[in-house]
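Chains as they are written, first to last, in our numbering: chain E, 1 to 303; chain F, 1001 to 1326.
These are calculated hints, taken from the structure and not from any lab test.
Keep in mind that the hints are not guaranteed to be accurate.
Stated by the list, open to error - Dumping the calculated BS3-like pairs for lysine-lysine here, alpha-carbon to alpha-carbon at most 27 Å:
no., chain 1, residue 1, chain 2, residue 2
1, F, Lys1273, F, Lys1046
2, E, Lys211, E, Lys239
3, F, Lys1322, E, Lys22
4, F, Lys1287, F, Lys1273
5, E, Lys12, E, Lys132
6, E, Lys12, F, Lys1322
7, E, Lys56, F, Lys1015
8, E, Lys247, E, Lys209
9, E, Lys29, E, Lys247
10, F, Lys1003, E, Lys132
11, E, Lys78, F, Lys1151
12, F, Lys1322, E, Lys17
13, F, Lys1081, F, Lys1209
14, F, Lys1078, F, Lys1322
15, F, Lys1046, E, Lys132
16, F, Lys1078, E, Lys130
17, F, Lys1016, E, Lys132
18, E, Lys237, E, Lys17
19, E, Lys78, F, Lys1287
20, E, Lys239, E, Lys209
21, E, Lys209, E, Lys237
22, F, Lys1322, E, Lys78
23, E, Lys18, E, Lys278
24, F, Lys1322, E, Lys18
25, E, Lys56, F, Lys1151
26, F, Lys1046, E, Lys130
27, F, Lys1287, F, Lys1038
28, E, Lys130, F, Lys1209
29, E, Lys211, E, Lys237
30, F, Lys1016, F, Lys1003
Stated by the list, open to error - Chain E residues, not near chain F, derived (Cβ > 12 Å throughout):
no., residue
31, Glu85
32, Ala147
33, Gly150
34, Ala167
35, Lys211
36, His220
37, Ser262
38, Leu267
39, Val273
A quick note: this is a predicted structure, and the numbers were derived from the prediction, not measured.
Ideal Cβ positions, reconstructed from N, Cα and C, are used throughout, including at glycine.
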Amino acid sequence: MEKTTLSVRNLKKTIGKKEIIKGISFDLKEGEVFGFLGPNGAGKTTTIRMLVGLIKPTSGSVEIGGYNIENHFFEAMKNLGCIVENPELYPYLSGWDNLLHFVRMLDDVGEERITEVTQLVGLTDRIHDKVKTYSLGMRQRLGIAQALLGRPKVLILDEPTNGLDPAGIREMRQFIRFLAESEGLSVLVSSHLLSEIQLLCDRVAIISKGKVIRTDTVEHLLSNREQLIWSFEPFEKGKEILSSLTKTEDSGDGFIRTEYESEKAALWNKQLVDAGVKVTEMNRKLPALEDLFLELTGGDKID
Amino acid sequence: MIKLVQNEMMKLIAKKRLLVIAAIIAVLVALFTYAQYKQVETQRHKLGTNDWRTILQQQIIDTQNRLSSSRISDDWKKQLKVGLQQQQYYLDHNINPSEPGAPTFMRMFLENSIDLFLPLMVMVIASDLVSSEHSLGSIKLLLTRPVRRWKVLLSKYITLCLSISLIVAITGIISYLISGMVFGYKGWGAPVLTGFNVTNQGLGTESVKLLDQWQFLLMDFGLVWFVAIVVGTLSFMLSVLIRSTAAGMGVMLAALISGAILSNMVSSWNSAKYLFMVNLRLTDYMKGTAPPIEGMTLSFSLAVLLVWWAAALAVAFWVFTKRDVY
Ligand SMILES: Nc1ncnc2c1ncn2[C@@H]1O[C@H](COP(=O)(O)OP(=O)(O)OP(=O)(O)O)[C@@H](O)[C@H]1O
Ligand SMILES: [Mg+2]
């Protein structure tokens, strides 16, 4: 059995009179990337702040590496690296001095670890420049370097791809997968983008209005919800053939939607082509997060 | 803990705060030196002599003339009387109250900057020590390390105390060096009187003691340092309580300025003596001027400040270790 590195039990938080987190529970296993998916205002950041000890839960418990963060703050924090929202490092210090600052807050880590992590995140060239001269992507990387200093078992990243360009997002994704697979870290990543979570994570918790609606592997969550969008000529004939094979839906703008299954898609395509229909477009489409939510929450409005 | 203090020092130095403060002090000292120099010049011009006895005699006559005018308030009258008796005492014992030289200037500068200028400089550092971490957002990184919160705050407080000591030392050194260029560097051994006893009846001289100027200065420095620590701790607490540096500074500034104003008008509001800001002029007790409120003594003021200090520190630590960080 895989080891559990982070365990969250029935976490609740009331701010003022408003209950913002209404009982969240989940576990993180070693070497796993876990997605925390929810729309704006769902409570992702608030939950993460409780996980890292910035705010005190109203009730419930958090254990990191087997240590309760309230009773054993010191030991729990040794196993944790995190970025909450943006990595706000000191702009007036160089990247190196920033890392040195956080190394000094750890007991058993020396300066050679700074060299190691800067190499790991690929920031060696610019490490002695002031952080205020860094681009957002470089700051994100420095943030990760900072989180990795103490060789944590659990890495918590709140929207790590926020503000990155597509190449940066891709790089970040590969890097996070590398950390989980090669270094055996458990990584918790929050996001409101389904596409991002889908490519990155092994398991996902979907959260809305302070509650976990569903926790599952990505495949389970998305299978038979993916759609295939067709366009062909002649339209009516193609539609007729496709309808005889599977359930179709005419979106009214010259496209037909069917469900997506990799084997069947090829088969249907072949039959259309054999019947003399020219298939001009076949597009696999992820369900929008909104659709998924509407389905899961039974039509509740997202706010 | 030493490593944490190192961290705080690194950030402080990178922000170049101490340099700015040193520059401000240098400019102000230069200004004061020039003003003092001008004053001595005009006096000599007017009286046509350089002899301090003649000058002091003239000052006493001036004060007496003012006292006979009926337009001045009772409070002010009392102050003047005390000053008059003191000047007379100096004259009678053949001691120059303002022996020219850098040490005398230093003493004067300390006495004048203890309740407003130095606290302001201390505030520049203290008021954003914690709140800047909040406004920057780096507090989230700082508090998610395997270091307990009270240690983080303590390292900041130690840094504050070190910087305050440094500021006081810088003030001493700069004022000595700059004023010495004009007034000369001598005068450490000049005699200074202390231990005047200000009462309702006027000036008591039973317990007056003669000190060397350097001894007197040493005590002055101690008092200035103590006041700076108390004011620093209060702004430190505000920096913990108020997330905005500007707001924290504003509150502290208002308190300090109101203290300077109140000192001149609270003589009939007795309980005002428990406010920290009217107790800041500790060096006045050494010099022997009338306190703003009847019954205030050096030990009373020290005790009041000590209570404020302890309370501020307790509040700062309590709030910092308990509060949710958003
Ligand atoms: N300090 C606070 N006081 C009161 N309410 C708060 C506070 N912080 C957050 N909230 C509320 O808690 C809810 C969850 O906020 P949170 O920041 O956790 O959302 P999120 O899932 O991180 O959203 P996003 O995707 O926008 O980052 C929101 O409705 C927000 O208004
Ligand atoms: Mg958020």
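**Study point:** Violated hints - listed by number, lowest first
**Key:** 1, 2, 5, 7, 8, 9, 14, 15, 16, 18, 19, 20, 21, 23, 26, 28, 29, 31, 32 and 33
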